[in-house]
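Peer 1: Chain by chain, the residues:
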Amino acid sequence: MIHDKKAHKYGMVIDLDKCTGCGTCAVSCMSENNVPFKEDESDKKDSITWMRVYRLTNGRPFPDTEVVYMPRPCQHCGGKGDHGHSPCVSVCPATATDYGYDTGIVSQIYTRCFGCRYCMAACPYHARYFNWWDPVWPEGMEKYLSPNVSPRMRGVVEKCSFCYHRYQLAREKAYVNGTDEVPEADYQTACTTACPAGAIVFGDLNNPSHKVHQIVKPDPHPDPLNPDVVGKSRNPRVFRLLERLGTNPKVYYMSEREWVRKMGDHYLDGEWDKVKNVYGSASHE
Amino acid sequence: MSEIENKTEHGSMDGATAGTAEDPKNDTGLGLGVIFFIVAFLICFLSGWLLFPKLLYSKHEQPFNFDHVLHVEETGDCESCHYLRDDGTFSGIPKLASCLDCHTDEPMGETMDEAVFAAEYVAKEKEVPWYVYARQPDCVYFSHAAHTEAAGMDCKTCHGPIDETRTSRLYEENRLTGYSRDIWGKSIWGIKKNPWDRMKMNDCAKCHVQETGHKGYCFQCHK
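If you're matching them up, the sequences are chains A and B in order. Residues in the first sequence are numbered consecutively from 1, following the working numbering. Residues in the second sequence are numbered consecutively from 1, following the working numbering.
The shape of chain A in the complex, shown without the other chains:
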């Protein structure tokens, strides 16, 4: 294993207060990554959406109703203690998905996957999708596919890769420039660059000069009350989905509103106040 102190940890923070739910991230993701679609997309349960936008409401009657839209890519979990033991990686019987210790990105190798869908069952975020059919592109559209992303075949699982091909291209560019460093601007995911509201910030969580690090301020020490949780944000507005599971996602969400932050996990009666006040995001700073 490459355990390099200089290893990157690519992640993103999505500002839910800025997100308008327009779905540009999802569209740009699909076209960037050759995501297949069906002739009839009305049956959403079979749809493949690497980036899916969920609609959340506070459940209050008018005029107090509030709605936020939550884009959900693959969370690129670091697993318990952030050791790379992601839920999907640890169950794959084919080693078709692995955790890149150099980037923190969870891969998916389509030619290696045999479609058992164990990873889909293991993923707490429903970020993985199964190809029930071979992709069929409308005539002429195959000419617009990206050559940098290999299309998937029937019977394999696919998911968001944080546009890894863009990292590969950025590295090639860096090599030609005689450096090993990938500048922040050279590696940005398709959803980040497409978002018209600028709600998504992407970069290296380990690099203090990157904007995502400055917003998230990840805590390098494990949570004192739950040592499985590492990299908790020290920004009181930032939270992660199902954070207490210890999956340690690299996708952070941000909101000013308390009810939105509370949506990030299932809290029993009275639990939220404890989390919020004792060891939740609000306890820092």
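Please keep in mind that the hints were generated in silico from the structure rather than gathered at the bench. Heads up, the beta-carbon is just placed ideally off N, CA and C, and yes, glycines get one too. Do not take every clue at face value.
[What the hints assert, rightly or not] List of simulated lysine-lysine pairs, DSS-like, C-alpha gap at most 27 Å:
(1) B/Lys186 / B/Lys206
(2) B/Lys192 / B/Lys54
(3) B/Lys156 / B/Lys192
(4) B/Lys186 / A/Lys80
(5) B/Lys215 / B/Lys54
(6) A/Lys173 / B/Lys200
(7) B/Lys59 / B/Lys95
(8) A/Lys217 / A/Lys80
(9) A/Lys217 / A/Lys274
(10) B/Lys193 / A/Lys143
(11) A/Lys6 / A/Lys18
(12) A/Lys262 / A/Lys217
(13) B/Lys215 / B/Lys156
(14) B/Lys124 / A/Lys143
(15) A/Lys173 / B/Lys156
(16) B/Lys124 / A/Lys173
(17) B/Lys215 / A/Lys6
(18) B/Lys215 / B/Lys59
(19) A/Lys6 / B/Lys206
(20) A/Lys38 / A/Lys276
(21) B/Lys59 / A/Lys173
(22) A/Lys173 / B/Lys95
(23) A/Lys80 / A/Lys274
(24) B/Lys192 / B/Lys59
(25) B/Lys95 / B/Lys124
(26) B/Lys59 / B/Lys193
(27) A/Lys6 / A/Lys80
(28) B/Lys192 / A/Lys143
[Unchecked claim] Every beta carbon over 12 Å from chain B, so not counted as near; a handful from chain A, in silico:
(29) Asn58
(30) Gly59
(31) Lys80
(32) Ala96
(33) Met120
(34) His266
[Unchecked claim] Simulated coverage check for chain A against chain B, where a stretch passes if three residues somewhere in it have a Cβ under 8 Å from a Cβ of chain B:
(35) 97 to 107
(36) 144 to 151
Given chain A, put chain B in place with the hints provided.
Peer 2: Using the frame of chain A, we list chain B on its own:
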């Protein structure tokens, strides 16, 4: 008695009668059986080893013969035609536009090949549909920049002395996968003498372990 029991009973009975009918001294049947086995084994083995690879690969001739020796003499080195772009991507096989830096639709030499090139492609402004021997499957990501720039490797280290070839060899395509035979390699025994004899995933991993101490994570070589 159930049907299954009936069957097993008869089955064991049959076996018993066969066993007693066979005279242990009369073993011509056994000898024939051994000969039959050896002959059948040889037929299966040889057809699998010699005939199957011939059937598995379809052979294609390049659109016309390409003389690397001549072109290296004229242009200097590999990078004159196969170069890294400024953004780090590799240009691969040159497009017609690169050829037209020197060529016109009037052949410069006297070979038939160049006449074909000038008449069929330059005059008609058509790209030459070269078969690429080293083309990897679609799921493979390979960075030339990482190897030539960052690791300082030479083209020949992996591709061999292509600059010394005067003719284009036959391109062999796997009928099942559509991949070039250079990926799996020519040797049916799996013997690899040179890096360019075969380039499967294990060959990449082997060199990566030697040179970097780690075979890399999936996404290092996959896309």
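Peer 1: Next step is simple, just say for each hint if it's right about the structure.
Peer 2: We went through each hint and held it up to the structure:
For a cut-off of 27 Å, the pair hint linking B/Lys186 to B/Lys206 stands: about 19 Å separates their Cα positions. Of the supplied pair hints, the one linking B/Lys192 and B/Lys54 holds, its CA atoms being roughly 20 Å apart against a limit of 27 Å. Restraint check for B/Lys156 and B/Lys192: the C-alpha separation of about 16 Å stays at or below 27 Å, so the hint holds. For the hint pairing B/Lys186 with A/Lys80, the CA-to-CA distance comes to about 46 Å; that exceeds 27 Å, so the pair is violated.
For the proposed pair B/Lys215 and B/Lys54, the alpha carbon gap of about 33 Å is over 27 Å, so the pair is violated. Restraint check for A/Lys173 and B/Lys200: satisfied, since their Cα atoms lie roughly 26 Å apart, inside the 27 Å limit. A distance of roughly 24 Å separates the Cα atoms of B/Lys59 and B/Lys95; the hinted pair therefore holds under the 27 Å criterion. At roughly 19 Å between alpha-carbon atoms, A/Lys217 and A/Lys80 fall within 27 Å of each other, so this suggested pair holds.
Only pairs whose Cα atoms come within 27 Å are accepted, and A/Lys217 paired with A/Lys274 is accepted, the gap being roughly 22 Å. Between B/Lys193 and A/Lys143 the CA atoms are separated by roughly 39 Å; this puts the pair beyond 27 Å, and the hint is violated. About 32 Å separates the Cα atoms of A/Lys6 and A/Lys18, which puts this hinted pair outside 27 Å; it is violated. Only pairs whose Cα atoms come within 27 Å are accepted, and A/Lys262 paired with A/Lys217 is accepted, the gap being roughly 20 Å.
Among the hinted pairs, B/Lys215 with B/Lys156 is consistent with the structure: their alpha-carbon atoms are about 22 Å apart, no more than 27 Å. For the suggested pair B/Lys124 and A/Lys143, the alpha carbons sit about 23 Å apart, so the restraint of at most 27 Å is met. Pair hint A/Lys173 plus B/Lys156 holds up; C-alpha atoms about 23 Å apart against a cutoff of 27 Å. For the proposed pair B/Lys124 and A/Lys173, the alpha carbon gap of about 35 Å is over 27 Å, so the pair is violated.
A threshold of 27 Å between alpha carbons decides the hint, and for B/Lys215 with A/Lys6 the separation of about 19 Å falls inside it, so the pair holds. For the hint pairing B/Lys215 with B/Lys59, the CA-to-CA distance comes to about 33 Å; that exceeds 27 Å, so the pair is violated. The suggested pairing of A/Lys6 with B/Lys206 holds, with an alpha-carbon distance near 25 Å, which does not exceed 27 Å. Between A/Lys38 and A/Lys276 the CA atoms are separated by roughly 43 Å; this puts the pair beyond 27 Å, and the hint is violated.
As the CA atoms of B/Lys59 and A/Lys173 are separated by approximately 37 Å, the hinted pair breaks the 27 Å bound. Between the alpha carbons of A/Lys173 and B/Lys95 the distance comes to roughly 22 Å, so the proposed pair stays at or under 27 Å and holds. At roughly 22 Å between alpha-carbon atoms, A/Lys80 and A/Lys274 fall within 27 Å of each other, so this suggested pair holds. A hinted pair counts as satisfied when its Cα atoms are at most 27 Å apart, and B/Lys192 with B/Lys59 qualifies at roughly 22 Å.
Proximity of B/Lys95 to B/Lys124 is assessed by CA-CA distance (about 14 Å); at most 27 Å being required, the pair is judged to hold. Distance check on the hinted pair: B/Lys59 and B/Lys193 sit about 23 Å apart at the alpha-carbon level, within 27 Å; holds. Under the criterion of a C-alpha separation no larger than 27 Å, the hint pairing A/Lys6 with A/Lys80 is consistent with the structure, at around 21 Å. With a C-alpha separation of about 37 Å, the suggested pairing of B/Lys192 with A/Lys143 is violated against the 27 Å cut-off.
For A/Asn58, the shortest C-beta to C-beta distance to chain B comes to about 39 Å, beyond the 12 Å cut-off, and the non-interface label holds. With a cut of 12 Å on Cβ distances, A/Gly59 stays outside the contact zone with chain B, its closest approach being about 41 Å. Under the 12 Å C-beta cut-off, the non-interface status given to A/Lys80 relative to chain B holds; the minimum distance is some 19 Å. A cut-off of 12 Å between C-beta atoms contradicts the statement that A/Ala96 is not in contact with chain B; the least separation is 8 Å.
The Cβ of A/Met120 sits about 18 Å from the closest Cβ of chain B, beyond the 12 Å cut-off, so the non-interface label holds. The claim that A/His266 lies off the interface holds: its Cβ sits roughly 33 Å from the closest Cβ of chain B, which is beyond the 12 Å cut-off. Evaluation of the coverage hint for the segment 97 to 107 of chain A: fulfilled, as 9 residues show C-beta separations to chain B shorter than 8 Å, against a requirement of three. Only when three residues or more bring their CB closer than 8 Å to a CB of chain B does the claim for the segment 144 to 151 of chain A stand; here the count is 4, and the claim holds.
Checked against the numbered hints above, the structure breaks hints 4, 5, 10, 11, 16, 18, 20, 21, 28, 32 and satisfies the rest.
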